[in-house]
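Below are the chains, spelled out letter by letter.
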Amino acid sequence: MAAHEEHHVVPKSVYFAVFTALIVLTWVTAWISTKDLGSSSLNVAVALSIAVFKASLVVLFFMHVKYGTKLTKMIVGIGIVWLLMLLFIVMIDFWTRTWMGVAGR
Amino acid sequence: MASHTAVATKAAAHSHPGYGELRHHFESHEQQKDSATIGMWVFLLTELMFFGGLFLAYFIYRQWYPEAFASASNKTDLWLGAFNTTVLICSSLTMALAVHAASKGKRILLVGFLVATLLLGGAFLGVKAYEYHDKWVHHEIPGDHFECEGCHDEVHTPLFFALYFGMTGLHASHMIIGFGVLLVLIWQAWSGKFTEKWYTPIEMFGLYWHFVDIVWIFLFPLLYLIDRTGRSLL
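Line by line, the protein sequences are chains A and B. Residues are numbered in this note's numbering as their position in the first sequence, beginning at 1, plus a constant of 13. Residues are numbered in this note's numbering as their position in the second sequence, beginning at 1, plus a constant of 63.
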């Protein structure tokens, strides 16, 4: 029955695996930032990808969203989309301003 | 309203009347807990947008003044930042284990992990305080006495530090608020308020604590790891 599924206890081994991944990735991202990857945007992309991956691990396992209800998953997803709208809609303006020699730049 | 609730919970009262019992407006314990989880997430989403505004300001100014941000970022201590990130992740682990202990009804273990979370959080803020002091000594705090040795764009460098202090400061204030909540939870856990059937406050605080961890997971690369190779400064 679904009622029993709800009281899901995540095994400790999952927490330790996630923890290890988070620690390793922290030092990897710090170390890789000192390496010249050929373009500074590539360095930024790598650093942010690692951060997004780490955050996903925390949300899914430490915050139990992977084992949560559909409604919880939907609310979390909408929140992330909302944040991306804030960031990207504004940044699209700033990124593209230099493309055209128009007033206001 | 208050008396109405009291009557409703009294009927179902066991060892702790009104605390963790099924409220009359919920159908089941499950639904009650799901509602708490959703409520907590909605709160965290408002927090996400709160921090999101600062992240947006950061992205805009970094886009405008990349050299200022790159040279100012190199003033932060990369390895100290990585160490502090490690400390915070450890506190997230102990928090997750605290929720686990609560779900098994292990009171002493729960208290132990909550105390460990508090201590690791304290260690994080200790390192942060050291870093702030270092910035203070080197006049890297925006204002009349601002100085940045070897910085490329002195006019706009204070913008980076303003965001640095604003974002890490808001993050630190969330941790300090967390300490207050943790102290209450430790006391409640110690006095046996939580059972393996009901430990919702522990779980909800866990969500908050992990959220604060996530904010730092993004602050670390954005504030500490910009252009360590000095490529954009050539």
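No lab work stands behind these hints, which were simulated from the structure alone. Hints are not guaranteed to be accurate.
[To be verified] Calculated lysine-lysine pairs in the DSSO-like style (CA-CA distance at most 30 Å, straight line):
id : chain 1 : residue 1 : chain 2 : residue 2
1  : A       : Lys-86    : B       : Lys-198
2  : B       : Lys-198   : A       : Lys-83
3  : B       : Lys-169   : B       : Lys-256
4  : B       : Lys-256   : A       : Lys-79
5  : A       : Lys-86    : B       : Lys-96
6  : A       : Lys-25    : B       : Lys-260
7  : A       : Lys-25    : B       : Lys-96
8  : A       : Lys-48    : B       : Lys-169
Hint check:
1. A:Lys-86 x B:Lys-198: violated, 41 Å
2. B:Lys-198 x A:Lys-83: Violated, because 46 Å separates the two Cα atoms, which is more than 30 Å.
3. B:Lys-169 x B:Lys-256: With Cα atoms ~12 Å apart, Lys-169 (chain B) and Lys-256 (chain B) stay inside 30 Å; holds.
4. B:Lys-256 x A:Lys-79: holds, 28 Å
5. A:Lys-86 x B:Lys-96: Holds, because 15 Å separates the two Cα atoms, which is no more than 30 Å.
6. A:Lys-25 x B:Lys-260: holds, 19 Å
7. A:Lys-25 x B:Lys-96: holds, 22 Å
8. A:Lys-48 x B:Lys-169: violated, 46 Å
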